[in-house]
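Starting from the known structure of chain A, fit chain B onto it as the hints suggest.
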Amino acid sequence: MANNVSHTTEYRTLGKVLLFLMLCTFLTITVTGIHLGPFSVTVALLIACAKAYTVMTYFMHLKYESLLLKLLVGFVFVLFVLIILITFIDYAFR
Amino acid sequence: MSEKHNHVEEHRDDEASKLGMWLFIFTELLLFGGLFIVYSIFRHEYYQAFRESSLELSVTIGAINTIALLFSSMTVAMALTAMQKNDKKTALIMIGITLLMALVFLVNKYFEWGHKIEHGLYPGSALMPLLDRGHLLYFSLYFFMTGLHAFHIIVGMVLLFICLFKVKNGSIHPEKYALLENGALYWHLVDLIWIFLFPLMYLIS
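Each protein sequence line maps, in turn, to chains A and B. Number 93 in our numbering belongs to position 93 of the first sequence; there are no gaps in the numbering. Number 228 in our numbering belongs to position 134 of the second sequence; there are no gaps in the numbering.
For the record, the hints were derived by calculation from the structure and aren't laboratory data. Do not rely on the hints blindly, as some may be mistaken.
[Stated by the list, open to error] Taking lysine to aspartate or glutamate pairs in the EDC-like style, the calculated list, with each CA pair at most 20 Å apart, reads:
no.: 1; chain 1: B; residue 1: K262; chain 2: B; residue 2: D181
no.: 2; chain 1: A; residue 1: K70; chain 2: B; residue 2: D108
no.: 3; chain 1: B; residue 1: K270; chain 2: B; residue 2: D108
no.: 4; chain 1: B; residue 1: K179; chain 2: A; residue 2: E10
[Said to hold, decoys possible] What follows is a list of derived Cβ distance ranges for each label pair:
no.: 5; chain 1: B; residue 1: G208; chain 2: A; residue 2: Y64; range: 41 to 49 Å
no.: 6; chain 1: A; residue 1: G15; chain 2: B; residue 2: E122; range: 24 to 32 Å
no.: 7; chain 1: A; residue 1: V43; chain 2: B; residue 2: P217; range: 28 to 36 Å
no.: 8; chain 1: A; residue 1: R94; chain 2: B; residue 2: E146; range: 21 to 29 Å
[To be verified] Covered stretches of chain A (in silico footprint by chain B; criterion: 3 or more residues with CB under 8 Å from a CB of chain B, positions within the stretch not fixed):
no.: 9; stretch: 15-26
no.: 10; stretch: 37-47
no.: 11; stretch: 54-61
no.: 12; stretch: 76-90
Keep in mind the model is a prediction, meaning the values are calculated, not measured. Ideal Cβ positions, reconstructed from N, Cα and C, are used throughout, including at glycine.
Chain A on its own, in the form it takes in the complex (with noise of 0.2 Å):
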């Protein structure tokens, strides 16, 4: 029984985001090298959740995954921020 319905990604689209990512991370070393004070952790964070957000969407077939999948994906994703501010209030506050 033949019960496959991954989609298939073709090589190039694969090539293509892998040199967004290199990209992406050449992007971090340069912008943590030069002084932006405060921002620069913020935009090295930036930079690596675009990255993980092409990881999941091209490398991971989210793109092309069922809507159950996506919304527990969105929804671990509001968990983990939830769990974050919760923590980071605690400790402001404490």
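What follows is chain B alone, placed relative to chain A:
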């Protein structure tokens, strides 16, 4: 009844096994997420010490490892594409390259850690308790987080070795590749964690 009609339909659900893999990935993300929260709070509290300690790490080695992992993430995705296209040879080569990149990562890590250990910097060493609290926290978190990540690399390598073997003997084929797909998902997770570990551990300006 002939042999042919005696065939029992194999019970499997690739979609569900993929969902299961994703659920496991969520637990992994939250595990590392918790560690990242610990890291951010101590980094905020002992910023100067974290900055000084991070200068001890080689950005070059970190960058090479980043590139190795990103590249391996692409090759494992290509292995899956090749399998879907019924191109067994390319699939095998791509899994092989992925494993090679994983090895490059671990060898780099070996030298990196070896250098620290030579200087007496490792958990439980005589030097560690003499450090001030900020440096101690940085190196404890460094060894724990990169160590846990390296452990995931090793697990991923074992998983991909099994995939390599199964592609070779034909038990993973274009009609049935859930194991390879889930193995690839695991490998992307390892890459995903490193994407955050690299700027946070190596690049503190």
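Here's how the hints hold up against the structure:
| no. | hint | in the structure |
| --- | --- | --- |
| 1 | B:K262 x B:D181 | 12 Å, holds |
| 2 | A:K70 x B:D108 | 17 Å, holds |
| 3 | B:K270 x B:D108 | 8 Å, holds |
| 4 | B:K179 x A:E10 | 10 Å, holds |
| 5 | B:G208 x A:Y64: 41 to 49 Å | 43 Å, holds |
| 6 | A:G15 x B:E122: 24 to 32 Å | 27 Å, holds |
| 7 | A:V43 x B:P217: 28 to 36 Å | 32 Å, holds |
| 8 | A:R94 x B:E146: 21 to 29 Å | 26 Å, holds |
| 9 | 15-26 | holds (count 6) |
| 10 | 37-47 | holds (count 5) |
| 11 | 54-61 | holds (count 5) |
| 12 | 76-90 | holds (count 7) |
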